[in-house]
Amino acid sequence: MSTSLASSLGFTKIASTDTIREVLRTQISSTASPALHRSSFESAGGSASEDWKETVQALSGGVEAVIDRAISKGADLLLEGVHYIPNKEVIDLWREAGGVAIGVVLYVSSEERHRGMIANREKHNGKKVDHYLGNLDRIRKIQEELVLSGSEFGWLVIDPTKESDSIGLISSSLC
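For the sequence shown, this note's numbering gives the first residue as 1, with consecutive numbering after it.
Calculated from the structure, these hints are not laboratory results.
Each residue gets a CB set at the ideal place from its N, CA and C atoms; glycine is no exception.
Among the hints, a few may not be true.
[Said to hold, decoys possible] In silico DSSO-like cross-links for lysine-lysine, where the CA-CA straight-line distance does not exceed 27 Å:
#1 K88 with K73
#2 K141 with K88
#3 K73 with K141
#4 K141 with K128
#5 K53 with K88
#6 K88 with K128
[To be verified] Distance windows between CB atoms, simulated:
#7 I102 with E144: 20 to 30 Å
#8 D165 with N120: 35 to 45 Å
#9 S72 with A119: 34 to 44 Å
#10 G46 with G99: 12 to 22 Å
#11 H131 with S72: 16 to 26 Å
#12 K13 with D92: 30 to 40 Å
#13 L136 with S16: 36 to 46 Å
#14 V100 with G46: 21 to 31 Å
#15 S47 with A75: 11 to 21 Å
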């Protein structure tokens, strides 16, 4: 959905937190930052939320650098990924710099539909889905945290499996 949204809005920059994570992994060892080298939903001994927040923290410097650069250059940016906790500060900072900004959390309310979407990923990116499906309960807890944070800070919270025109809804919110 990110590329379709960026295209419809005329955005020239898309940054994925997964890509930021991969770049950071080349620079920081798994010994120095175990959280950086595991999936955001993998257990490190804490709750799904605690372990996820640890991975978010491990990426925070890289994510903030991408955001800060876009703001300083006056560039557009679509940042997508699970390694970011919705907040008000980033939206306010962007607007104070003269930009237009909204936050969006996409989620899937139906567990069965979510399971099906994950199972379908293997067809598109070659990743084995057993690892994801075996952690679906943790993935859904993280999703719940994202929805709660997004709602708390006024981000759009959209279930694209129920919304007929998610891109239109997001586009109209930017006007």
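Evaluated hints:
For the suggested pair K88 and K73, the alpha carbons sit about 21 Å apart, so the restraint of at most 27 Å is met. Under the criterion of a C-alpha separation no larger than 27 Å, the hint pairing K141 with K88 is consistent with the structure, at around 22 Å. As the CA atoms of K73 and K141 are separated by approximately 36 Å, the hinted pair breaks the 27 Å bound. For the proposed pair K141 and K128, the alpha carbon gap of about 21 Å is at most 27 Å, so the pair holds.
Only pairs whose Cα atoms come within 27 Å are accepted, and K53 paired with K88 is accepted, the gap being roughly 17 Å. About 36 Å separates the Cα atoms of K88 and K128, which puts this hinted pair outside 27 Å; it is violated. At roughly 21 Å, the beta carbons of I102 and E144 sit within the given window of 20 to 30 Å. The hinted window of 35 to 45 Å between D165 and N120 is violated, with their beta carbons roughly 21 Å apart.
Between S72 and A119 the CB atoms are about 41 Å apart, so this pair conforms to the stated range of 34 to 44 Å. Take G46 and G99: their Cβ atoms lie about 36 Å apart, and the range 12 to 22 Å is violated. Between H131 and S72 the beta carbons are some 38 Å apart, a value that contradicts the proposed interval 16 to 26 Å. For the pair K13 and D92, the supplied restraint of 30 to 40 Å is violated, since their beta-carbon distance comes to about 20 Å.
Our hint of 36 to 46 Å for L136 and S16 is violated, since their Cβ atoms are close to 22 Å apart. Evaluation of the 21 to 31 Å hint for V100 and G46 yields a failure: the beta carbon distance comes to about 37 Å. For S47 paired with A75, a C-beta distance near 37 Å fails the hint of 11 to 21 Å.
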